[in-house]
Each structure stands twice: as structure tokens, then as C-alpha cells.
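We have chain A already, so just place chain B on it with the hints.
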Amino acid sequence: MKLNTTINGVAKILEISPDAYLVDVLRENGCLGVRQACDTGNCGVCTVHLDGRAVLSCVLLAVKAEGREITTIEGVPEAAVAIARCFVAEGADQCGYCTSGTVMNILYLEALVAQPTEAEIMHHLKGNLCRCTGYASQLRAIKAYFAAKAGREDLLPDEAAAKHLENTGATTADNVPGAARPISGEGKVAP
Amino acid sequence: MITVKNVITPSTTAEAFEALQQNRFATLLGGGAFLRMGSKNITTLIDLSRCGLHCITEHDDHWEIGAAVTLGELEQHRELNRQYAGLPAAAVREIVGVQLRNVVTVGASVYARYGFSDLITGLLALPVKVRLHQAGEMPLETFLEQGAGGKDLLEAVIIEKGVCKGGYVSLRKTAGDYALLNAAAAVVNGKLRISVGARPRRAALAHSAMSLLQEAAVTLNESSQMIWTEEVIQQAAETAAGELVFGTNSRSSSAYRQHLCRVLVARVLRACNEGGGRS
Numbered sequence: 001m002k003l004n005t006t007i008n009g010v011a012k013i014l015e016i017s018p019d020a021y022l023v024d025v026l027r028e029n030g031c032l033g034v035r036q037a038c039d040t041g042n043c044g045v046c047t048v049h050l051d052g053r054a055v056l057s058c059v060l061l062a063v064k065a066e067g068r069e070i071t072t073i074e075g076v077p078e079a080a081v082a083i084a085r086c087f088v089a090e091g092a093d094q095c096g097y098c099t100s101g102t103v104m105n106i107l108y109l110e111a112l113v114a115q116p117t118e119a120e121i122m123h124h125l126k127g128n129l130c131r132c133t134g135y136a137s138q139l140r141a142i143k144a145y146f147a148a149k150a151g152r153e154d155l156l157p158d159e160a161a162a163k164h165l166e167n168t169g170a171t172t173a174d175n176v177p178g179a180a181r182p183i184s185g186e187g188k189v190a191p
Numbered sequence: 001m002i003t004v005k006n007v008i009t010p011s012t013t014a015e016a017f018e019a020l021q022q023n024r025f026a027t028l029l030g031g032g033a034f035l036r037m038g039s040k041n042i043t044t045l046i047d048l049s050r051c052g053l054h055c056i057t058e059h060d061d062h063w064e065i066g067a068a069v070t071l072g073e074l075e076q077h078r079e080l081n082r083q084y085a086g087l088p089a090a091a092v093r094e095i096v097g098v099q100l101r102n103v104v105t106v107g108a109s110v111y112a113r114y115g116f117s118d119l120i121t122g123l124l125a126l127p128v129k130v131r132l133h134q135a136g137e138m139p140l141e142t143f144l145e146q147g148a149g150g151k152d153l154l155e156a157v158i159i160e161k162g163v164c165k166g167g168y169v170s171l172r173k174t175a176g177d178y179a180l181l182n183a184a185a186a187v188v189n190g191k192l193r194i195s196v197g198a199r200p201r202r203a204a205l206a207h208s209a210m211s212l213l214q215e216a217a218v219t220l221n222e223s224s225q226m227i228w229t230e231e232v233i234q235q236a237a238e239t240a241a242g243e244l245v246f247g248t249n250s251r252s253s254s255a256y257r258q259h260l261c262r263v264l265v266a267r268v269l270r271a272c273n274e275g276g277g278r279s
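Chain order of the listed sequences is A and B.
Numbered according to the UniProt record's numbering, the first sequence spans residues 1 to 191.
Numbered according to the UniProt record's numbering, the second sequence spans residues 1 to 279.
Calculated directly from the structure, the hints in this document are not laboratory data.
Simulated coverage check for chain A against chain B, where a stretch passes if three residues somewhere in it have a Cβ under 8 Å from a Cβ of chain B: (1) 38-47; (2) 50-64; (3) 123-129.
Below are the DSSO-like pairs computed for lysine-lysine, each with C-alpha atoms no more than 27 Å apart in a straight line: (4) K2(A) / K12(A); (5) K161(B) / K191(B); (6) K5(B) / K2(A); (7) K40(B) / K151(B); (8) K40(B) / K2(A); (9) K5(B) / K40(B); (10) K151(B) / K5(B); (11) K12(A) / K5(B); (12) K191(B) / K129(B).
As the structure is a computational prediction, the values presented were derived from the model and not from experiment.
All C-beta atoms in this analysis are idealised placements derived from N, C-alpha and C, irrespective of residue type, glycine included.
Okay, chain B solo, but in the shape it has when bound:
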């Protein structure tokens, strides 16, 4: 249960950031769904819904997803999903139900760096940067490793544009539960990324497997597509399972997660071979 003394609704991120710095017990309000699960005494709740962060905007060389965009809006955005092989939608579509996805925001999900996050795994497979109010822009991978370096405010997620093919897959014990493991792979502008999350640690890139695949790819002349043989895919999946660290929790043991990693990484790579879409 949470208690809140005061709610403010700043109209700019600068005002919100200032309020956040002034009060050590101040808390940013994204969707608020995860706040509901915990217990916290909040003196000032900073509602970001009036800060102009609720748009998905296409620019010449990138897409900008405002922090207050809900997972439902991300899932339903046709053009964004068309350009990224349906990966953003695939990364969120198994999260509980459509009503929860209409509440939860992209900014809160990414800023919190949840280990169980499906969204982060999907985004990490794409060339994504985050824009923080104070720390500025940084690659998502760096942000996931280092955090914001203090109390900061995530303004937007920025995805570099490019020809994309990718795949996303997760495994759950029951629909609506957290994933035992999730994985995504995408090739954007000829560069491959493989991410694995819910390990149960936060998502990470499988760099060795990515290097192996980058070198072993057969490039088709007419489309510049990268294609891998089944043997190479199996080798890369094994490499990913070997290089990443897995943990044990109530949902799964580390050994089972490591085994799943081989299977899920192979599946998302096959999805890339096939041209993209949900695996």
C-alpha cells in the first residue's frame, strides 16, 4: 500500500526534474501499476502526464517514443511496428492484458530497469538510445548497466531508423505471468543484436554470439539480407547460453534458463532469417 501526501503535475520535464531533486521522498508517477504492488510513503508524487511525453514521433533518421507512451499505444502503432518487423508489439503483447498495457508506460518500464521486463529485451535488440533529462542521451545497453547515475528523468526512447528484420519470443508458465526467459534478435542496417532478458537479471546483449553470426552471415546480393545456416544458428545459440549469466528464482532454475536460452535464441535467429515478425 502506498500513501501520498501531495500530487503535482508539472507542465515541463524541467519543472518535474527540479521537483524530483528538491524532495528526497518525491516519486515520479508513470503508469503507477508497479507502485500499486509495493509499499511506500510518498511526500510528493510527480505526475508526468502533462509534460508532453505522450507522443510517438517519426523523424528523418529515428523514431522517438515519449516516456509517457503506454505499452498499449506502442503495441498498436502500425507504422512503427511495420518498420521494425513487429518487434515492439511482440515484446509487449503477452504482458497481462490489454487494460494493463493501456496503463503502464514505456518510460517507467525502461527507467526502472526491471529484470523481468519483456519490453526492455525487445528494445535492446534494436539500435536504441534513451534520453535522460540531466544525463542526456546514452545507448540503452549503457543505461541498463550503469543506470542514470543519480535521480534523473527519462524523457524518451530513441530508435535509429533502418531496414529491420527481427524476432521476439518468451516462455511463461501461464499466460500473463512474468517470463521465465525472453529473447529478441534484430538486424538493423546490417548490424545484428541478440538480447536475452528475465534471466532473471535484466536483459543483456550476447556479444560473442553476435560476433560469430556477423562473421558467418551469408549476404544475399539483391537485398543485403544476412542469412545464417541452421548449423551456425545452433552454434550461436550455444555461445549465447555460455556467455550470459543466469539465476534461479521461484519460476525457474539457472540451469533450465540456460537450456531455454539455447532454444529461444535459435528461434529468434530463425525468425530473422525468415524476414522478421513474432517468433
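The following block holds chain A by itself, in its conformation from the complex:
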């Protein structure tokens, strides 16, 4: 059957199977930033935006995207880089498999709440699991991202500190002079 949809701003007419899930259709059409893991709607790595709302593409039949607009990590390169910088600076990237889904959900949070509280961040990201259990560093990175958005650049790691992190392989802000410190107590974002 035919699927008329828009992927990252480009109108597409795709030939799909009626029982195809969106994650498979997107990956078959070059959006390999959309990861696939649990396939049961639990882990969040397959998160994409459908008409601006974060959804799990592994439980969404592709037919539900008919006439709608899909955005994947490939469609938000600048925003993704801004968040990724914070992730790298805080050692939150680790293996990186969950990062694209997490970034898409952070962007959805940003669309809902301009300056979320720590509790709001943790609640919003409950559906993004990280097998490296990098939740504390992710929380620091997300706070740093929103702090930067509020013009509080002093709390963000500067370019030099970020570079130092990359060069030394340091994984926490504590190792890097001038790098961001947690704004307040950290906690797990998800179980």
C-alpha cells in the first residue's frame, strides 16, 4: 500500500506493507539515526516526532503517519548538535545508542516547557532508558542545555573545556576546570 507522508520536511510517497511499523519504514528509507531496540514501547530509543509530538516509532504502525509530518534526528541537525555538545561535555553520551531518542524527547520537552525544573526533566525522560545507566550525567547535560537556552552561559562548559574532555577522555565535569557543575542534586532519570 502507499503511504503519503512528510519526512524531515520532504514529501514522500512510500510503498509499505500494511503491518509495517514506522521504525522499520524510517530506517529502510535512510533515517538510521532512528534506533531500534525493545520493539515493545518501553525503551524510547526509537523516538521521533509525529506532527510535533514525541512518539515511539516501534509501536506505531506506519499507516498512522498517513498525511502527517515525521521528524527524525536527521531533521534537527543544529538542535541535535547543541544538545550533543552538552552530552559530550558531561560524559553523558557513553555508548550513544540511546542518545538520538533522548535528544528527540528533550526537544519535545523544550517545545512544551521553555525552562523545565529538574523534576519535570526527570518525569519527561522516564521513557528513555540508558543501558549504560548514564542518567546522572544526562541530567547534568540537559540542565546545562536549558541553562544555555536561558542565557546562563556561565553554567555551560566552554569550547575549551569540551575539547579538553574529548582529548583526555574525561567523563565527568569534575575532571575539567571550568566545566559545568550540577546545578543541584542529581538523581536517576529512569529506573
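Chain B in isolation, oriented as in the chain A frame:
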């Protein structure tokens, strides 16, 4: 794994209902998340997303929640949640993650009468009716007990308007898991309802506890609020735990659920006393 031969997207509920009746292997597509978990060969999948069921509408004496409204939309609807003391949002906010709640629909969750449902427990504490295409309107409690009486299509959930205070609470082993037990209580227009779900049977009202509290309430003159003493709350929680039936599954034993019921019912009643909100 599911297999689907054909997908249709009717533009009215009448067309969808007709298609459902014509083919015994036809299946309605709500959010589709629970379909993913099972195995089924579907000849015709009926996608309801074009049937105009995706609105939350305020009327003079009730709210109407279309069957295709997602749990995420229900959670984020400010006015609806303001009027019902945040109970609709509280009932869904612990369900996995925000991305899943943006997929799962109210209609599918209610029509399926899942025992583990958090949403049904929250709705049952409110004066809620469901509107089915063929069977018409019926109280949610009746629908939960009797079902639709055949293949039918849920069009909307209807909540009677009124001054509301309420509370919702659930207990899980880990965040994102199904609840071991959940409970909700709400007073709307002077009538109290207490519901307990994930027993693991589907949610039910604790009628004896409700009667006890209705009689024992102290009504404050200035606000017509019902208030209970701690002693009465404990008595009602004990009554609820005694009148409802609990089962055992991999998450919990019936005895533990019965014990939890005392605790959770007392908590939601205290939340009602305090004026509402999430317990």
C-alpha cells in the same frame, strides 16, 4: 507479531462500525501499542484516526473526550485537569513514558477494559459514561462489568461536570511497570466514588466504603465540602479492602494487594480532604 492484509480509514464511525460487523477478523486500530505486544492475523485493520474522535470538548454540563484522544493529550489538557482536580493527568502520568502516552488512546484503553489500566481507575472515580456506537450511552461501571454486548465501537468518554476534589495513587515495583494496585477517589457534586484497580482484575467501585463515608462526612457550610476524620478514613479503607476481591499474579499476592488497598484508599481519601490533586 501481527500480520495485516488490508487497512481501511473510514471517515465516520458508522462506516467503521459497518466494516467491523462485516468481517469477523476485522480489528479496530486505536493507538496500536497493545497490538504490538500480541500475535494476531488481521484481515482488515480499521484505523479510526479519520472518524473525528480526536477532540476534548467542553459542553454546558459535561466534558466529552473522543476515543482517539491520546493519553498525552488528556494529561496535557489544562482546563479539564483544572476542573477535575488533576485526576485525569494523575491517572496516566506514570504510564511508561511521554512518547508512549502520545500513541495510546483513551478509547482503546477503556474499550479493552484492561485490568492493569491506570486510566480506567481514575475515570471510574468520576461520574463517567461511555458512548458506544450501537449500545449508546452507559455508565462506565456498567460497561466494565458487562462489556459492550457484542462488537461495538467506543466513540467517547463523557464526564459529568461539577465541583470536584479527588486523589489518585498507584504503587509499582519500578517506574514504568504495571501497577501492583491503583486507587482513586473523587467527590463530584457532593457524591463520592472510590475505585480500586489492577487488583489485578479490572477496576471496581468500593460501594460499602462509599456509603460509609457518605454518611459520616462532615459538611462544611461555607463550601459544601465533605470532610472525614482520620478514624472514619481508616474505617472506610478497611471496608474497601474487605469488600473488593484481589488476585495473585507475578507482581503481587492477593494478600499484599488487600493490605495495599487499605493504605492507598486512605491516601486518596486524605487527598480528597485536602481539596484534591495527586496523592
